[in-house]
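Q: As given, the protein sequences belong to chains V and X, one line each in that order.
Numbering-wise (this note's numbering), the first sequence opens with residue 1 and increments by one.
Numbering-wise (this note's numbering), the second sequence opens with residue 517 and increments by one.
To be clear, the hints were calculated from the coordinates, so they are not data collected in a lab.
All C-beta atoms in this analysis are idealised placements derived from N, C-alpha and C, irrespective of residue type, glycine included.
Take the hints with a grain of salt, since some may be wrong.
Lysine-lysine pairs mimicking DSBU-like chemistry, simulated, CA-CA at most 30 Å apart [unchecked claim]:
1. Lys275/V - Lys767/X
2. Lys233/V - Lys767/X
3. Lys251/V - Lys684/X
4. Lys767/X - Lys251/V
5. Lys233/V - Lys251/V
6. Lys749/X - Lys251/V
7. Lys684/X - Lys168/V
8. Lys767/X - Lys749/X
9. Lys251/V - Lys275/V
Example chain X residues on the side facing chain V (calculated, C-beta under 7 Å, incomplete) [to be verified]:
10. Pro674
11. Ala676
12. Ala679
13. Gln683
14. Trp686
15. Val866
16. Phe868
17. Arg872
18. Ala901
19. Arg975
Below, a sample of chain X positions facing chain V; criterion: calculated Cβ distance under 8 Å [what the hints assert, rightly or not]:
20. Thr668
21. Phe694
22. Arg714
23. Ser730
24. Lys869
25. Ser870
26. Val900
27. Ala1024
Now for the letters of each chain:
There are 2 protein chains.
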Amino acid sequence: MSSSCNYEKNGYSEISNFQRFEDTTLAKPETFSPALLGVALESGAAKPAYQQLYEQVRDLILSGRLPSGARLPSTRSYSKELGLSRTTLIAAYDQLVSEGYLEARRGAGIFVSQFSPEHLMLVNRTAPPVLPKPGAARRRAARPVPFSIRATSPADFPGAEWARLLQKTWRGPIAGHFGEPHVEGHPGLKVAIADHLRTWRGISCSEDQVLITSSSAESIDLISRVLCQPGDKVWLENPGYMPMRREIVEKGLEPFYVPIDREGMMVNLGVELAKSARMAITTPPRQFPLGMTMSLPRRLDLLDWARSTGAWVVEDDYDSEFRYEGRPLAALMSMDETGRVLYLGSFSKVMFKSLRLGYLVVPPDLSSQFHDAHAELGPQASSVAQPALAEFITSGQFAAHIRRMRRLYARRRALLLDQLLEKCSGLVTPQPANSGMHIVVSIEPILRARHSDVEICRRLRQDGIEAQPLSSFYAAGFDPGAAGQGLLLGFSGFEEKELEVSVTALAAALSDLAAA
Amino acid sequence: MSSSCNYEKNGYSEISNFQRFEDTTLAKPETFSPALLGVALESGAAKPAYQQLYEQVRDLILSGRLPSGARLPSTRSYSKELGLSRTTLIAAYDQLVSEGYLEARRGAGIFVSQFSPEHLMLVNRTAPPVLPKPGAARRRAARPVPFSIRATSPADFPGAEWARLLQKTWRGPIAGHFGEPHVEGHPGLKVAIADHLRTWRGISCSEDQVLITSSSAESIDLISRVLCQPGDKVWLENPGYMPMRREIVEKGLEPFYVPIDREGMMVNLGVELAKSARMAITTPPRQFPLGMTMSLPRRLDLLDWARSTGAWVVEDDYDSEFRYEGRPLAALMSMDETGRVLYLGSFSKVMFKSLRLGYLVVPPDLSSQFHDAHAELGPQASSVAQPALAEFITSGQFAAHIRRMRRLYARRRALLLDQLLEKCSGLVTPQPANSGMHIVVSIEPILRARHSDVEICRRLRQDGIEAQPLSSFYAAGFDPGAAGQGLLLGFSGFEEKELEVSVTALAAALSDLAAA
Chain V
1 MSSSCNYEKN
11 GYSEISNFQR
21 FEDTTLAKPE
31 TFSPALLGVA
41 LESGAAKPAY
51 QQLYEQVRDL
61 ILSGRLPSGA
71 RLPSTRSYSK
81 ELGLSRTTLI
91 AAYDQLVSEG
101 YLEARRGAGI
111 FVSQFSPEHL
121 MLVNRTAPPV
131 LPKPGAARRR
141 AARPVPFSIR
151 ATSPADFPGA
161 EWARLLQKTW
171 RGPIAGHFGE
181 PHVEGHPGLK
191 VAIADHLRTW
201 RGISCSEDQV
211 LITSSSAESI
221 DLISRVLCQP
231 GDKVWLENPG
241 YMPMRREIVE
251 KGLEPFYVPI
261 DREGMMVNLG
271 VELAKSARMA
281 ITTPPRQFPL
291 GMTMSLPRRL
301 DLLDWARSTG
311 AWVVEDDYDS
321 EFRYEGRPLA
331 ALMSMDETGR
341 VLYLGSFSKV
351 MFKSLRLGYL
361 VVPPDLSSQF
371 HDAHAELGPQ
381 ASSVAQPALA
391 EFITSGQFAA
401 HIRRMRRLYA
411 RRRALLLDQL
421 LEKCSGLVTP
431 QPANSGMHIV
441 VSIEPILRAR
451 HSDVEICRRL
461 RQDGIEAQPL
471 SSFYAAGFDP
481 GAAGQGLLLG
491 FSGFEEKELE
501 VSVTALAAAL
511 SDLAAA
Chain X
517 MSSSCNYEKN
527 GYSEISNFQR
537 FEDTTLAKPE
547 TFSPALLGVA
557 LESGAAKPAY
567 QQLYEQVRDL
577 ILSGRLPSGA
587 RLPSTRSYSK
597 ELGLSRTTLI
607 AAYDQLVSEG
617 YLEARRGAGI
627 FVSQFSPEHL
637 MLVNRTAPPV
647 LPKPGAARRR
657 AARPVPFSIR
667 ATSPADFPGA
677 EWARLLQKTW
687 RGPIAGHFGE
697 PHVEGHPGLK
707 VAIADHLRTW
717 RGISCSEDQV
727 LITSSSAESI
737 DLISRVLCQP
747 GDKVWLENPG
757 YMPMRREIVE
767 KGLEPFYVPI
777 DREGMMVNLG
787 VELAKSARMA
797 ITTPPRQFPL
807 GMTMSLPRRL
817 DLLDWARSTG
827 AWVVEDDYDS
837 EFRYEGRPLA
847 ALMSMDETGR
857 VLYLGSFSKV
867 MFKSLRLGYL
877 VVPPDLSSQF
887 HDAHAELGPQ
897 ASSVAQPALA
907 EFITSGQFAA
917 HIRRMRRLYA
927 RRRALLLDQL
937 LEKCSGLVTP
947 QPANSGMHIV
957 VSIEPILRAR
967 HSDVEICRRL
977 RQDGIEAQPL
987 SSFYAAGFDP
997 GAAGQGLLLG
1007 FSGFEEKELE
1017 VSVTALAAAL
1027 SDLAAA
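Using the sequences and the accompanying hints, generate a full structural model.
A: Below you can see the structure in the form of structure tokens.
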């Protein structure tokens, strides 16, 4: 049995799923012709064609001109009419499906998703300006052990170039690097981040809205000081990122754990649990740890709740650069015209973990309040690497590095999936997700009947294999049962050969555990 | 009136005060002859002569062979007997006086200080090994404005060399810089810090006791998590460093504000306030913001209290590199043989503020507990500059930079003092202190009667002059009255010409305020 065969059988595909759906609908008449839709692409525009198409179709949906349930032309016929490559169309459709604007129904075609007209009122109808970039552990361990999650890949980091930029930025006038003048962060880095967010996330923001922080913890600290009072209720995702919970509890805020389903945070349950919450902290681009993208209806529900109750939504976008199908998603913040969304970004995944640089983007009218609070508290981010990082981004090397790592991680992920299906079937089953730096596998009954995921991970660690138990990402007292039993297996930091060997070891260890 | 005349008149002197005391006692007989004391210096030893003398006299005092109240030979006669330069003797005496082992009494001579024999039991009698080094804002402001405190001096920073080290350390194998393997910090930096502490502070520690942190806030966070429970009582200095208070309160600890007198923290009052406190956080090398060194009797009282009650002492040594008379002080931690002292160090002052690197030194038996907690919480320090900083220290450039900055800051401080005495007399009066990056001035009655220090600083800010009101460093509800009214004037970040111009502006502004 070939690995690609395994791969397809389980619903994983490096090409878009809806290409398959389409094949059955090629002969059917199109509901909306491209001409009727009024879509027209500028050739020679700075914006890539897929991006123009994505934005125009998105606007048609948001304006109601493409109604819920409407069927879209197939990529094959549409590409002929528009005179575009099918690849371009697939990229645009893929993006729209990922974000929930479109739905692919097997054997039927591509349709506009169902959501209510009220939702549309909330959404920013003008597409954000897009400016394409030029050239667009363990303690004392020698290095991370498979399958540590969130490991970066030092061998693939452009160290010499980074070294050159560090030297260059410290050789010239350095008064600005000393900290006092720019408590908010290096001005060039803030501009570079704002540009990056426009291109990669569709967030239209000025550099004044950007605060450089050392971590999401510092960003959350700032947010809670500026926007919250002790005792305020906060929605957190369940399962979710544990340190976030500790921070919220330690700040005297009251956490409410909102369950996740395949569309992401279940906003209706959040409203039931604590409609009056002051804030929701969520991972719309890629849920942590489960990996799904929050659907458009959920996004709209969330923005609706925030607008109607005066709550805040914190969008934690910790690693959506590593998306292996379609283009990077537009951020929730890019859809928000009510100014209720704050955005957390990080360089830990794309650059390296111990860089300790991230950022917080706040709505324009909160900018000066946040900068004052930041100055008062004392910014935590080191200035040493900020000018070099700004140049790294501005020169296009950052985007090139992301693309390189995305290709690399896509290969590693595909290999890990193949290997798991080949060697561990009957023991664990990979769960779908098309992004990130780890895979979640569920545990088959034969193994689950004997051991909890926590116990399995403890035993694996004895064999030198790192895995995180999925159940440990659930809040205490919220036992999701079998659905919450699983393993997180990181692939990003390990070479293909190392992953192969490690899956063999994993399979042997799991077989032993299933037998004992 | 010459400026040096002003200077002497007010008790400031770049040479030791006790030279003056001695002059009146030259003819008197010596109580203890050098031979009787058994002091003998090795010539050609790695250790400088003043250091040998300092250590031997300290040991004589600690062993009781030089009893409390004993008078010491004058430097003039003693230097003849030992065949040493008088400068060497003055350096050693100066150090011993600064640390409270000796007292200079005007017109009477130099005496061994009064402290009880119980105190001596606590003190480590073996001198720590000394390994001499080879070659031993405001928001959006363009740069800091006089008299901002804690400003560093970019023009005097060896930027090109720093740039070279950054490049060098990132050009080679970089896997170790990525964060996962060395959650506790770059190993080479920990070794370099341990060596530095041996040489400069007399702290004998291994690199395993060193944790690299991003800030004293991270260190305090770690300490409170490992050693404290919510509700525990903590002594803090009053006046003191405000962010420390916020951190303590936010961690659910109960602060007790212990007054400061000219010998530093009034330990007896701390015992009265909260004998059962879990921890005392203090600045023995240089009290912040007042600037005095904690006397030896107070140090011994503090260690005595900690030992007898099982409390912890956190020694915050934030800037004692910048000591302009005598040698750097031995740290409180170097005197502690009961393992109750933790030491906080920072590179913000010696290097630059936004480097965001500091360290925590813990007693050996707490080392593994602290490292585990640090790994669990996630270390905050960026790895980018750690290898370069390690080389900067190891190569001796760090020590050279400290010496250079000490000379520079000594000149700036002397100039600021002269200028204040010349231009602002009758309005404000500089308070004695022989170290640090700022001067505290008290406010004369004519000005104090009309305006609080807070109001004065507000008005000065309107004229573009930065000053910190002393009263703002006192805990709320502890009004020290006139003694707590003063201004903190930073000199470290400003050239002499700039200080001159700024004092002229200050004098004019203060005169206006005294008249209005």
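Q: Answer holds if the nearest beta-carbon of chain V is closer than 8 Å to that of Ser730/X; otherwise answer violated.
A: Holds. Min distance 6 Å.
Q: Would you mind confirming whether the straight-line C-alpha gap from Lys767/X to Lys251/V stays at or under 30 Å?
A: This hinted pair holds, its Cα atoms lying about 9 Å apart.
Q: Would you mind confirming whether the straight-line C-alpha gap from Lys233/V to Lys767/X stays at or under 30 Å?
A: Between Lys233/V and Lys767/X the Cα gap is close to 20 Å, so the pair holds against 30 Å.
Q: Less than 8 Å between beta-carbons is the criterion; does Lys869/X satisfy it with respect to chain V?
A: 4 Å, holds
Q: Keeping to a limit of 30 Å between CA atoms, is the pair of Lys251/V and Lys275/V held or broken?
A: Measuring from Cα to Cα gives roughly 20 Å; hence the hint holds.
Q: Quick one, are Lys749/X and Lys251/V close enough, alpha carbons at most 30 Å?
A: 20 Å, holds
Q: Is the hint on Thr668/X kept, meaning its closest Cβ partner in chain V is under 8 Å away?
A: Because about 6 Å separates Thr668/X from the closest Cβ in chain V, which is inside the 8 Å limit, the hint holds.
Q: Does Arg872/X meet its interface restraint, that is, does its C-beta lie within less than 7 Å of any C-beta in chain V?
A: Holds, about 4 Å.
Q: Does the closest beta carbon of chain V sit nearer than 7 Å to the beta carbon of Ala676/X?
A: This interface hint holds because 6 Å falls under the 7 Å limit.
Q: For the pair we were handed, Lys251/V and Lys684/X, check the Cα-Cα distance against 30 Å.
A: 41 Å, violated
Q: Is the hinted pair Lys275/V and Lys767/X satisfied, with a Cα-Cα distance of at most 30 Å?
A: 29 Å, holds
Q: Min Cβ distance, Arg975/X to chain V: is it shorter than 7 Å?
A: 21 Å, violated
Hint compliance for this structure: hints 3, 10, 15, 19, 22 and 27 are broken, all remaining hints hold.
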